[in-house]
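If you read the sequences in order, they're chains A and B. Take 1 as the starting number for the first sequence in my numbering and just add one per residue. Take 1 as the starting number for the second sequence in my numbering and just add one per residue.
Possibly wrong hints are sitting among the right ones.
It does not matter which identical chain is used: a pair holds within one copy or between any two.
As the list claims (entries may be wrong) - 35 Å max Cα-Cα, derived DSBU-like pairs, lysine-lysine:
| no. | residue 1 | residue 2 |
| --- | --- | --- |
| 1 | Lys142 | Lys174 |
| 2 | Lys174 | Lys51 |
| 3 | Lys174 | Lys62 |
| 4 | Lys142 | Lys62 |
| 5 | Lys142 | Lys51 |
Calculated from the structure, these hints are not laboratory results.
There are 2 protein chains.
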Amino acid sequence: MRDAYHEELDSIGDGLVEMARLVGSAIGRATTAMLDADLHLAESVIAADEKVDDLQRELETKAITLLARQQPVATDLRIVVTSLRMSADLERSGDLAQHVAKVARLRYPESAVPRDLQATILEMGQLAQRLMAKAREVIITKDVDLALQLEQDDDAMDLLHRTLFQHLMDDRWKHGIETAVDVTLLGRYYERFADHAVSVARRVVYLVTGDYADEVDPAAGADAESARSKNA
Amino acid sequence: MRDAYHEELDSIGDGLVEMARLVGSAIGRATTAMLDADLHLAESVIAADEKVDDLQRELETKAITLLARQQPVATDLRIVVTSLRMSADLERSGDLAQHVAKVARLRYPESAVPRDLQATILEMGQLAQRLMAKAREVIITKDVDLALQLEQDDDAMDLLHRTLFQHLMDDRWKHGIETAVDVTLLGRYYERFADHAVSVARRVVYLVTGDYADEVDPAAGADAESARSKNA
Chain A
1 MRDAYHEELD SIGDGLVEMA RLVGSAIGRA TTAMLDADLH LAESVIAADE
51 KVDDLQRELE TKAITLLARQ QPVATDLRIV VTSLRMSADL ERSGDLAQHV
101 AKVARLRYPE SAVPRDLQAT ILEMGQLAQR LMAKAREVII TKDVDLALQL
151 EQDDDAMDLL HRTLFQHLMD DRWKHGIETA VDVTLLGRYY ERFADHAVSV
201 ARRVVYLVTG DYADEVDPAA GADAESARSK NA
Chain B
1 MRDAYHEELD SIGDGLVEMA RLVGSAIGRA TTAMLDADLH LAESVIAADE
51 KVDDLQRELE TKAITLLARQ QPVATDLRIV VTSLRMSADL ERSGDLAQHV
101 AKVARLRYPE SAVPRDLQAT ILEMGQLAQR LMAKAREVII TKDVDLALQL
151 EQDDDAMDLL HRTLFQHLMD DRWKHGIETA VDVTLLGRYY ERFADHAVSV
201 ARRVVYLVTG DYADEVDPAA GADAESARSK NA
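Okay, chain A solo, but in the shape it has when bound:
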C-alpha cells in the first residue's frame, strides 16, 4: 500500500510527465501552424502555454510542501530537488514552442518559412517533438539507455541547425532580411527546445546513477555559434 508520502512524490512525477506531454504536443502543433500558416492553430498553441505554467506552479508548491512536511533525505530529497529543475526545463520548453507559434502568427497569412527551408524546419520540429516524447518516456521508465539516446538525437538537431545556417549564408539567399531573422530565431528556438529535453533526460540519469550524464553543460553543446563556426 502506498502511503501519503509516496503518493505526493508520485504526484510530482505525474506532473512532470503531463508537462512533457503538453510541451511535446505544443512544439509539434507550433511547427504545423508555421508551415501551414494556420493562425487558429498558432493562437491555440499560444493560449495553451498557460496550462504548462499552471502545472509548473502546482508542482513547485507540491514539492515545497513535501520538503517542509516530510523532510525527505537521500534519494527522495534528490528526486524532489531534481523535479524542480526538470519542471523549469519543461516550462521553458513550453515558452519556446509558444515563441515558434508567435512567429507563425506574426507572419500570417504568409508562412514564415520559405519553401526551400520547409523540409528542414519540419525535420527540426519533428525531432524536437520526438526528443520530448523520449524525455517523457525517460521520466516514466528511468531508462538510462534511452536517456543516452537523446544525446545522439541532439547531435542530429545540431546538424539540422547547421543546414539552416548554410542556407542562410548561401550567396543565393533570396528571401530577404526579415525571413533571415525569422529563420535565425526559429533555429535557435528548436535548438534550445532540444537542449531542455536533453537536460531533462540527463537529470533522470543523475537521479538513477548519481553521475551527470555528461560533465559538460547541456546548454553549451550545440549553441548557434558552434553550429555556425563549423560552417565557417
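Model the placement of chain B on the given structure of chain A, informed by the hints.
Only chain B this time, still in chain A's reference frame:
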C-alpha cells in the same frame, strides 16, 4: 553568534552574490570584446564561464546538503529552494555572455556589429551589466523597491531590442545576411540575459513578500516576437 546552520545558509547567499558579480562582469567584457574585435578578451570571457558553472555546482551541493542535514522549514526552506532557482538563472546568464563572446571570436578580426549599430549594442551591453549589478544588490539588500526598478530597466531593454529590429528591417540595410544573423542572435542574447536578471530580482521579492512580483512569466514579457510585432 552565528551557528553552523546559518553559516551554511549565508554561504549559499555569498555564492549567489559572487555568481552575479562574475556574470555581470562577463557580459560587460563580452560586449567590449565584440565592439573592439578583441580576440584575447573574447577568449578570456569564454574560458571564465567555467568558474560560474563550478560555483553553481558547489552551491547546489551545499543547498542539497543543507536540506538533508538541517531540514529547514518555512522561510529558510523557501530561501534554499529559491537560491537553487536563482543559481540556475545566473548560470544561464553566464552562458549568454559566453555566447556574445563567441560571436566576437567567430567574426574576428572584424567586429560582428556594423558601425551604425554599435551604439545600440553598447547600450544593450551596458544595460545588461547594470541590470545584473542591481540584481546582485537586490540579493544582498533584499530591497524590494530596487527589485521593482529592474522591471523598468527591462522595458528599456525591450525598447533597445525593438530599435535593433527596426535597423534590421529597414530597406536600407546594407550589411548582408551574415551580419543580420549575428545581430538577431546578439539581440536575443542580451534580452534573455536581462530576463534572467529580472527573474533573480523577482525571486527575491517572492522571498521577502511571499508574492510573485508579477504573475506574468518573467520570460514571456519581452520576447523577440513581441519586440518585432510592435514594429510590424
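Comparing the hints with the structure gives:
Proximity of Lys142 and Lys174 under a CA criterion of 35 Å is satisfied in neither setting, with 47 Å inside one chain copy and 52 Å between copies. With identical chains, the CA atoms of Lys174 and Lys51 are never at most 35 Å apart, being 39 Å at best within one copy and 43 Å at best between copies. When the C-alpha separation of Lys174 and Lys62 is checked against a cutoff of 35 Å, the pair qualifies neither within a copy, at 52 Å, nor between copies, at 54 Å. For the homomeric pair Lys142 and Lys62, the shortest alpha-carbon distances inside one copy (21 Å) and between copies (26 Å) are both at most 35 Å.
For a Cα distance limit of 35 Å, the shortest separation of Lys142 from Lys51 qualifies both inside one copy, at 25 Å, and across copies, at 31 Å.
Hints 1, 2, 3, counting from the list given before, are not met by this structure.
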